Amino acid sequence: MCWCSTRGWWEELLEDWLIVMAGMELMEQSKMWFPYHGGLLVEFVQYFGESAQAVSWITSIGWPCSSPFGTALCNGYGARPVVMAGGCLSALGFILASQATCVTHLYLTLGIISGSGWALVFTPMVASVMQYFTRKRSLAMALGFTGVGLSSFAFSPLFQLLVEMYTWRGALLILGGLSLNMVACGALIRPLGTHKAVAASAWSCASLFHRAYSYLELSLLFQRPFLTYSLAITFFNCGYFVPYVHLVAHSRHEGFSQYQAAFVISATGVTDIVGRVVSGWASDLGRLRLPHMLVLWTGLLGLSLLMLPLGSLGGSYPGLLIISLAYGFCAGAMTPLVFSVVPEIVGMERMLGALGLLQMIESIGGLLGSPLSGLLKDLTGSYTASFLVAGGFLLLGTMVMTTLPHFFSCTDQRPLQRHARNYNNKQQNQQSPESGLMTNSLSEKLNHIDTIPYSQPRTDDATTIC
Amino acid sequence: MFSPWILSLQLILFPLFWRGIYTTETNPSLALTVPVTTVFKSAVLKGDSLVEKVEILKPIDLELACTWTGNPNKLPNITGYWRKDGSEITNSRLTVQLENEQYNLKRVFRITGDTLGNYSCIFSDTDEAKIDFNVAAPEMDDKKDKPIVAYVGDSVAMACKTKLPPNTWLWYRANGTEQELINATTDPLRYKISVDGNTTKLTVMNLTEEDSGVYVCSAIYNIKASVSRVEVRVITFMEPLKPFIAIVAEVIILVLLILLYERWSSQRSSHSPTENGVHAEPTHKLTREGNNGMDENTTTRQRKI
Numbered sequence: 002m003c004w005c006s007t008r009g010w011w012e013e014l015l016e017d018w019l020i021v022m023a024g025m026e027l028m029e030q031s032k033m034w035f036p037y038h039g040g041l042l043v044e045f046v047q048y049f050g051e052s053a054q055a056v057s058w059i060t061s062i063g064w065p066c067s068s069p070f071g072t073a074l075c076n077g078y079g080a081r082p083v084v085m086a087g088g089c090l091s092a093l094g095f096i097l098a099s100q101a102t103c104v105t106h107l108y109l110t111l112g113i114i115s116g117s118g119w120a121l122v123f124t125p126m127v128a129s130v131m132q133y134f135t136r137k138r139s140l141a142m143a144l145g146f147t148g149v150g151l152s153s154f155a156f157s158p159l160f161q162l163l164v165e166m167y168t169w170r171g172a173l174l175i176l177g178g179l180s181l182n183m184v185a186c187g188a189l190i191r192p193l194g195t196h197k198a199v200a201a202s203a204w205s206c207a208s209l210f211h212r213a214y215s216y217l218e219l220s221l222l223f224q225r226p227f228l229t230y231s232l233a234i235t236f237f238n239c240g241y242f243v244p245y246v247h248l249v250a251h252s253r254h255e256g257f258s259q260y261q262a263a264f265v266i267s268a269t270g271v272t273d274i275v276g277r278v279v280s281g282w283a284s285d286l287g288r289l290r291l292p293h294m295l296v297l298w299t300g301l302l303g304l305s306l307l308m309l310p311l312g313s314l315g316g317s318y319p320g321l322l323i324i325s326l327a328y329g330f331c332a333g334a335m336t337p338l339v340f341s342v343v344p345e346i347v348g349m350e351r352m353l354g355a356l357g358l359l360q361m362i363e364s365i366g367g368l369l370g371s372p373l374s375g376l377l378k379d380l381t382g383s384y385t386a387s388f389l390v391a392g393g394f395l396l397l398g399t400m401v402m403t404t405l406p407h408f409f410s411c412t413d414q415r416p417l418q419r420h421a422r423n424y425n426n427k428q429q430n431q432q433s434p435e436s437g438l439m440t441n442s443l444s445e446k447l448n449h450i451d452t453i454p455y456s457q458p459r460t461d462d463a464t465t466i467c
Numbered sequence: 047m048f049s050p051w052i053l054s055l056q057l058i059l060f061p062l063f064w065r066g067i068y069t070t071e072t073n074p075s076l077a078l079t080v081p082v083t084t085v086f087k088s089a090v091l092k093g094d095s096l097v098e099k100v101e102i103l104k105p106i107d108l109e110l111a112c113t114w115t116g117n118p119n120k121l122p123n124i125t126g127y128w129r130k131d132g133s134e135i136t137n138s139r140l141t142v143q144l145e146n147e148q149y150n151l152k153r154v155f156r157i158t159g160d161t162l163g164n165y166s167c168i169f170s171d172t173d174e175a176k177i178d179f180n181v182a183a184p185e186m187d188d189k190k191d192k193p194i195v196a197y198v199g200d201s202v203a204m205a206c207k208t209k210l211p212p213n214t215w216l217w218y219r220a221n222g223t224e225q226e227l228i229n230a231t232t233d234p235l236r237y238k239i240s241v242d243g244n245t246t247k248l249t250v251m252n253l254t255e256e257d258s259g260v261y262v263c264s265a266i267y268n269i270k271a272s273v274s275r276v277e278v279r280v281i282t283f284m285e286p287l288k289p290f291i292a293i294v295a296e297v298i299i300l301v302l303l304i305l306l307y308e309r310w311s312s313q314r315s316s317h318s319p320t321e322n323g324v325h326a327e328p329t330h331k332l333t334r335e336g337n338n339g340m341d342e343n344t345t346t347r348q349r350k351i
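As given, the protein sequences belong to chains A and B, one line each in that order. Under the working numbering, read the first sequence as residues 2 to 467, first letter to last. Under the working numbering, read the second sequence as residues 47 to 351, first letter to last.
No lab work stands behind these hints: they were computed from the structure. Please read these numbers as outputs of a predicted model, since none were measured by experiment. Honestly, I wouldn't trust all of these hints.
Simulated crosslink set (DSBU-like; lysine-lysine; CA at most 35 Å straight-line) [said to hold, decoys possible]:
#	chain 1	residue 1	chain 2	residue 2
1	A	LYS378	B	LYS189
2	A	LYS378	B	LYS152
3	B	LYS192	B	LYS120
4	B	LYS209	B	LYS247
5	B	LYS192	B	LYS207
6	B	LYS209	A	LYS378
7	B	LYS207	B	LYS152
8	B	LYS207	B	LYS87
9	B	LYS189	B	LYS288
Quick look at which bits of chain A chain B covers, simulated, 3 or more residues with Cβ under 8 Å [as the list claims (entries may be wrong)]:
#	segment
10	158-168
11	173-184
The following label-pair restraints were derived from C-beta to C-beta distances [said to hold, decoys possible]:
#	chain 1	residue 1	chain 2	residue 2	range
12	B	THR214	A	LEU311	51 to 61 Å
13	B	ASN164	A	GLN259	24 to 34 Å
14	B	ASN221	A	GLU165	19 to 29 Å
15	B	LEU306	A	MET400	44 to 54 Å
16	B	ARG314	A	GLN47	52 to 62 Å
17	A	MET400	B	GLN313	49 to 59 Å
18	A	SER208	B	THR249	52 to 62 Å
19	B	LEU306	A	SER220	35 to 45 Å
20	B	GLY222	A	GLN47	25 to 35 Å
21	A	GLN259	B	MET284	32 to 42 Å
22	B	GLY259	A	GLN47	19 to 29 Å
Glycine included, every Cβ here is placed at the ideal spot set by N, Cα and C.
For reference, chain A alone in the conformation it holds in the complex (with noise of 0.2 Å):
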C-alpha cells in the first residue's frame, strides 16, 4: 500500500491490515477501562467508603496531559519502542493499584501510571495506523475505532465476572495482565523509519531543547490552521460525551423504565459502530473533501442534540430511540474522521506531534463538557438545557471549522510547513496522491527535519465534488 516490498502483495494486504487489527486490539484494551470504570468506581466507593466523586477523577487525570510526551517519545524513537513501554506501564499501574490500601494510592497508580501508559499507547497507535495508510485511511482508522465499542460488549461481563470470582483487587490484577496484551500489539507495528534522528551531536541545554521542541511539535501551536482545528475539536468535545453521561438518566427522566432507556442506549452503541464503519468507507471514496465530511457529520450531531429533548416529548419512545439512533451514527461517523483530518492540516510529518498536542488541548474540552451539564442539571431540574448546550457546543464548533484556510476550496490543499525557506517545489510535483511517508529515500530522511507534504491538489480527480 504505501511501500514496495519483496513480499507479495498478499503479505502487504496482511500485514498492513494485521496493523488496523492490532489497532483495534489495541483500543479495546486501552479504552476498557473507559466502559467499566463505573463497575470499578462502586467497588472503590464500598470498600474505601469515598465519595463517588473523589473516586471518579481517578480515570480524569493523567492520559491528557501525557499525550504531547507520547508522541514527542514517538518522534524520537519511533512508535513500536513507544506503545510497548506503554503498554508495561499500563499494566505496572494496574497491578500496583490491586495492593492500594487507600484512595490515593489508586490516584498514583491507576490514575497517573495507567494514564501515562495508556497516552504512550494510543496516540502513537492512531498516528501509526495513519501512517500505514494512505488511500484507505479513513476506513482503517473507522475500523481500529470499532475496537472502543467492542470493547464495551465484551468487557463488562467480564469485569463482572472478575470482580464476583476475585474481588477488585484480583480484577485489576488480572486486567493487568490483560493489558500486556498492547505490547504484543505494539510489536505488531513494523517501524517505517521516519521518526526525526536529528544527529545527536551534543547533549548541551540547547540542543536538548530543540530537540524537545521539534518533537513536541511546538511550532504548532503559533500557527493559526492548527488553532483553529484545536479550538473546533475542543468545542466538539463539550457536547460530545453529554449524551453518553445523561442519555439514561434523561430517559428515566421521561418516565420510560430502566430496560427501555438500556435498550436505547446499547441501541446507541450499535449505530455508533455502525457509523464508525460507513463514516470511514465513505470518505475513502473520496467524492467530498474530508473537512466537509466532517463538518457534515457534526452539524447533523449538533442537531441531533438539540432535538433530543423535543424526540421525548409526550412521552414519546419511538421519538426518543429514532433521535438517539441519529445521535448515535453521528457521533461514529465522526470520530475517525476527526483525525483523519490532522494530516491534511499539518503534514504527514508533523502529525505526530499534532496528535499529541490535539489530545491534551481537547481533553479540557470533556474534562469542561460533563460538569457543566450536570451544573445545568442541577439548575434547571431536567436535561433538556445540558442537551442544548451540548447541541449548542458542537454547532459552534462546526462554524469554528469553517474558518479554517482554504476551507471552501474544491481541492486538498498543501498542508502547513514549519519553515517556508525549507519548501521545495520541484520535490513536491514529482510525488504522487498515494505516496505517503516513503517519498524520499531515508538518508534524505535522516537529513532534512522538513518534509514534502502529503496530500497533492487533486487534479487527476475529476469527479470530486466540493
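With the hints as your guide, set chain B onto chain A.
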C-alpha cells in the same frame, strides 16, 4: 382457574392502620391479660386470586376482611371459608350473602410468633376465588445469593437492611446446623458490629481462611426474628495470580513470535537482492547491511515510487 367471563371488579384499597400498633387500644371482647392492639387489613378481589403481604412486628389481633364483587352469576348465597397454610380452618365455613353487589368475609386472628403463616379467605361458588394474606415478620431487603469474596489479611464488611427497624440486631456464625453468636466486645480486633436504625454492618478484620463460611444476621422483632444469610469466601492472592501468570506467558510468547517472524521475513527478503529495488527496511536494518545500504539508497533515489 376462572374463565374470562368474570367481569371487571373494582379495587378499593383501604389504608393500613399501623398506628394501631403503637396505641393501647384493646378489644374488650377478647378478654386478655396483656393489652393487644388490633390491626385491620382488607382487600378486594379482582380476578382469580390476590396475594397481600402483611408485616407484623409484635403479637396482635389481626382482622382480615375480604370483599369479592362476584361473578355474573350473582347467586344470593355462596359459601365462604378460611384456610391457614393450605389447610382449612375448622368451623370457619359461613354462608355469605350478596350485599350491594358484593360478598364480604371477615375474621379475627390472634397472631403470635407461632401463628404466623399464610391465611386465605375463599369464596366458594362454582369455582374458588381467594385472597392470600402472607402474615410474617418483616423480611430483609436485599437477598445475597452470591458469596462475598475477600483476601487473607484483608477485611470484609457485610450489611443487612430492613424496612422497619427491629428491637436489636444479632450476628451469628453458622457452623453446620449450629449457630454461634458473634460478640464484638470480646473480640474487638476481629469483629466490629455497627447498627444504624434499620441497617447493620458486621466487619471482620484480619481475615484467615477459617473465616470462610456462612454468617447470619438476625433482626429481632417482638414477634419473631427475621434472618438473612450471607456466605463469605476467603482466598489467598495465589488464586488470581494463576490466570495472571498464564496471560503474561501468552503475551511473551506472542511478542517473541512476532519478532521472530519479522526477523525471518526480513532475512528471506535480504537473500534476494535483485528484487530488492526499494524496500522500506527500518534504519537499524540499513546500518546492519553496511555497504549494501548505500547501494540501495542510490537505487531508491532513481526509482519512482
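Hints versus structure:
1. A/LYS378 with B/LYS189: 34 Å, holds
2. A/LYS378 with B/LYS152: Not OK: A/LYS378 and B/LYS152 at ~52 Å, beyond 35 Å, violated.
3. B/LYS192 with B/LYS120: 51 Å, violated
4. B/LYS209 with B/LYS247: 15 Å, holds
5. B/LYS192 with B/LYS207: Holds - the C-alpha atoms of B/LYS207 and B/LYS192 are around 17 Å apart, at most 35 Å.
6. B/LYS209 with A/LYS378: Given that 35 Å is the threshold and the Cα spacing comes to 31 Å, the pair holds.
7. B/LYS207 with B/LYS152: Satisfied, since the Cα-Cα distance of roughly 34 Å is no more than 35 Å.
8. B/LYS207 with B/LYS87: 25 Å, holds
9. B/LYS189 with B/LYS288: It holds: about 31 Å lies between the C-alpha atoms, which stays within 35 Å.
10. 158-168: Coverage by chain B holds here, the residue count being 4 at a Cβ distance below 8 Å.
11. 173-184: holds (count 8)
12. B/THR214 with A/LEU311: 51 to 61 Å: About 55 Å separates the Cβ atoms of B/THR214 and A/LEU311, which means 51 to 61 Å holds.
13. B/ASN164 with A/GLN259: 24 to 34 Å: 31 Å, holds
14. B/ASN221 with A/GLU165: 19 to 29 Å: 25 Å, holds
15. B/LEU306 with A/MET400: 44 to 54 Å: For B/LEU306 and A/MET400 the Cβ distance comes to about 53 Å; the hint holds.
16. B/ARG314 with A/GLN47: 52 to 62 Å: 56 Å, holds
17. A/MET400 with B/GLN313: 49 to 59 Å: For B/GLN313 against A/MET400, whose Cβ atoms are near 55 Å apart, the range 49 to 59 Å holds.
18. A/SER208 with B/THR249: 52 to 62 Å: Hint holds: Cβ distance 59 Å, inside 52 to 62 Å.
19. B/LEU306 with A/SER220: 35 to 45 Å: Holds: the Cβ-Cβ distance is about 41 Å, inside 35 to 45 Å.
20. B/GLY222 with A/GLN47: 25 to 35 Å: Check passed, 30 Å falls within 25 to 35 Å.
21. A/GLN259 with B/MET284: 32 to 42 Å: 39 Å, holds
22. B/GLY259 with A/GLN47: 19 to 29 Å: 21 Å, holds
The structure does not agree with the numbered hints 2 and 3 stated previously, though it agrees with the rest.
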